[in-house]
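Modelling step: build the complete structure from the supplied sequences, incorporating the hints.
Going down the list, the sequences are from chains B and Y. For any residue, its number in the working numbering is found by taking its place in the first sequence, counting from 1, and adding 27. For any residue, its number in the working numbering is found by taking its place in the second sequence, counting from 1, and adding 882.
Simulated from the structure, these hints should not be mistaken for lab results. Accuracy of the hints is not assured; some may be wrong.
[Unchecked claim] Label-pair distances were calculated between CB atoms; the ranges are:
(1) B:PRO298 / Y:ARG934: 36 to 46 Å
(2) Y:TYR920 / B:ILE73: 39 to 49 Å
(3) B:GLU139 / Y:GLU1059: 13 to 23 Å
(4) Y:LEU923 / B:SER190: 31 to 41 Å
(5) Y:LYS1094 / B:ALA275: 17 to 27 Å
(6) Y:GLU946 / B:ASN136: 35 to 45 Å
(7) Y:TRP1000 / B:ARG453: 55 to 65 Å
(8) B:GLN429 / Y:GLY1006: 48 to 58 Å
(9) Y:LEU1103 / B:GLU473: 33 to 43 Å
(10) Y:ARG934 / B:LYS270: 16 to 26 Å
[Unchecked claim] List time: in silico DSSO-like cross-link candidates among lysine-lysine, alpha-carbon distance up to 30 Å:
(11) B:LYS100 / Y:LYS1123
(12) Y:LYS1094 / B:LYS220
(13) Y:LYS1150 / Y:LYS898
From a predicted model like this one, the values you see are computed outputs, not experimental measurements. Ideal placement from N, C-alpha and C gives every residue a C-beta, glycine not left out.
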Amino acid sequence: MTSQFKIATFYLYRMRQSWTTYLKELLEIVHYFYFAPAYHLILEGILILWIIRLLFSKTYKLHETYKLTEKEKEDLIEEWQPDPLVPPVSKDHPSLSYDVVTGHKITINGKECINFASFNFLGLLDNERVKQKALASLKKYGVGTCGPRGFYGTFDVHLELESRLAKFMKTEEAIIYSYGFATIASAIPAYSKRGDIIFVDEAACFSIQKGLQASRSFIKYFKHNDMEDLERMLKEQELEDQKNPRKARVTRKFIVVEGLYINTADICPLPELVTLKYKYKVRIFLEESMSFGVLGEHGRGVTEHFGVNIDDIDLISANMENAVASIGGFCCGRSFVIDHQRLSGQGYCFSASLPPMLAAAAIEALNIMEEDPEIFTVLRGKCKHVHKALQGIPGLKLVGVQSAPALHLQLERSSGSRDSDMQLLRTIVEYCLERRVALTLARYLEKEERFLPSPSIRVVVTVEQTEEDVHNAVSCIQEAASAVLK
Amino acid sequence: MVRSNQNVTHNSSLYKKPFEESFEETPLLVAVLTYMGYGILTIFGYLRDFLRHWSIEKCQVAREKEEQKDFVPLYQDFENFYTRNLYMRIRDNWNRPICSVPGAKMDLVESVSHDFNWTFEHTGRVVKDVINMGSYNYLGFAENNGACADAAIEATEKYGVGVASSRCEMGNLDIHEELERLVARFLGVESSMAFGMGFATNSMNIPALTGKGCLILSDELNHASLVLGARLAGSTIRVFKHNNMQSLEKLLRDAIAHGQPRTHRPWKKILIVVEGIYSMEGSIVRLPEVVALKKRYKAYLYLDEAHSIGALGPNGRGVVDYFGLDPKDVDIMMGTFTKSFGAAGGYIGGKKELIDYLRCHSHSALYAISMSPPVAQQIISSMKSIMGEDGTTLGRQLSENTTYFRRKLREMGFIIYGNDDSPVVPMMLYMPAKIGAFGREMLKRNIGTVVVGFPATPIIESRARFCVSAAHTREMLDTALEATDEVGDLLQLKYSRREQPLPSLGWMAEESLLQD
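So, in structure tokens, the structure goes:
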């Protein structure tokens, strides 16, 4: 014990010593250790080991002090009954009996009809040139690509399509995806992460909603096409930012809008959005699936329609499945923005690339669009004509602006329940189908949509429809409406 | 990192033939050198960033617009550190453009970079007849002539290329219905449904099947599409160690016994999500054990056969066929058509109630475009070819090629991961510099391989991945093996330290007779 006492007093005195004497004292400690009795050292050793063990052992959780015995576990496992894998679906659910469509003269269930339901705006689904180019590509490359873009799945056709799209849209770069739905759903989470803020229009389509969900950011919905509501939200956010400037410096903010909304068939006010962008320092992502190849003098979409500089929009995303009549999607913009998706777009890196014949078909469709810009004026004329013709059908109201090629016909007065509304509209559609006019109900996932649109019939305008076809269709719908909706 | 071999087979009575998998441990010296390599690269990365920041070095990274300089930066500097400084140096090993069929041999577009991989230029020349060890062409259906291509040509002429509508609205063609009936017959299930993209099949259907209050038990190394689907579903996700049945059983028992976290209510459903072949490891799922666990604990099984459909099994019907199990035991059989069928898209097969439910509630059926007709026709013809005629020839050729290739690589002394029967062969490289060197050296010898590094694999376990195909002839495999041998000696890649008990060739012939 005397040596321990000595060591203790030593420490008390150490603090007053200078460096040279410190060294001398250190040598003395070693001397003492050497001469200390064995039991003393062992005791100190055990104490040190005990402290180390306590430091590394798990903390004692008070709320999980109970532990189930093996028997209790077995009983619980025996008793547990899971829900069935899928809930039963009623036999007459509309999705169970799809119309079977053959070819592109649209033969539905054996009857040849005029197509007012597919998004074939420029009539390119049947175009011979497009088919020939696709066949030439098939004879050269086969059908599939057998790999993602990073691993020998990049074909020269893909690179050509990307550069053609970038040139057409007058941006620096474009990137292609192999599925239209996956395009915006992969693009949004590549930039916006947890903690960022996204302002979205209420009428955004389902693929945007899935992209938002995958991004885990804060989502704020503003009323459809209501710039004051958006400005109010942006002002609130600005006040928040001023309270916490450090956090604000790393929180990215985005606005996601569609050029032409698929659910409400109207156009977003792009010039006001651009002013808001520079005023509140928010980036804009524009989804142009319905407006690419439709709006604008050369079909470049809503930026050309309003005369907005395309560099002001950070990212434009569109799918090639509507006007371009192929499969897949693309994003275009400045290289600074687009290049990032080549390594962090999930639908790009982890998925097989677009089959080359579909890319070749898209290139040919672009060729047709560039050679003949008259086609857009023709389409606009037809849209106007159809819009006028569908006004004033008793019992049905037309939703959509004049230049929209995909319009909705909703019931003027709802019967109260969504199911009966859908049933009424379905009867109208079937009536028209009997008379060889192909229409379809706009379909939504009722439980998953954030802001479920009202039931409606989708009417699509294409350049292939003649005036007679339109007249026929309108009179069919009028007859059906008066017959069904007394 | 040293990895202990915890994937030991228990319950070997469930397996009809031996299940040989190996993941040899990383040698300690190699691990240390690899960390050192990454450390040096990181230091240089910081140095280069510093030089670029002070404009001593020309900066070729794309910049933000002038007017938007005071916006919140779109990317954090550190997020792109790895891309700017490590990935850029060896970027020429990926995204190599090709200009022919991705068959057993392919033609690459020659591209050079004059500014250290920041930009590429096509010289206009084509590198011809590069042996393709990178494309997922397991059964050799990537071809531009023959019965499949002719049928696809007919389908294009009849239907065109696009569809322009979703399945529910106006996009349901008769060719889709024919395809679905054929897929159901091929798999041996009641009914099936086909989708336009394999990735989207997972990310759009798992949310339709599970929701809040359900539990998803997913393997550690599941594909990004499965992880995304599970996240979008909103269920609780728990991860079990790769192919480790004890870990899975423990999670199952704890989950059922304790219920949902905090409320302790019982779970509505438990879904086990596994893949047939894991493409980064080359391992095959221990399906008999998983099925036994699933039956015992009343969970549901989701099997993603992206790589294994067509490639495994005596009849090419996938991993269920390989183990000789009943397809009805797997609740949800999912797969893709990209790999073994030379097309694009995905499918889900199962009971009729399941598929009916998916027809009404899958996100893809309602919002996404249906499959393109020539692609559907290609699947139909290739599937009929696997089923109808001498289907076993293709699968047989593939399994012979696989066994030969793996055996030879192992004899040479490389570390090969994975199951002896899987056509995906990952070969370990470990050090970052060897990733780039291997890819380039193999290309010089006219062999196209795939190299993978961080973040697709753990940071020190970078690898090269060979995909054996039924279209590869013995000569092509021998050429590839010779080149790998050469490069392996050049780069000192022969890390394996185990003794090779070499079976004689006579044993090989006997084994293949037994498989009949």
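Ascending list of hint numbers which this structure does not respect: 5, 6, 10, 13
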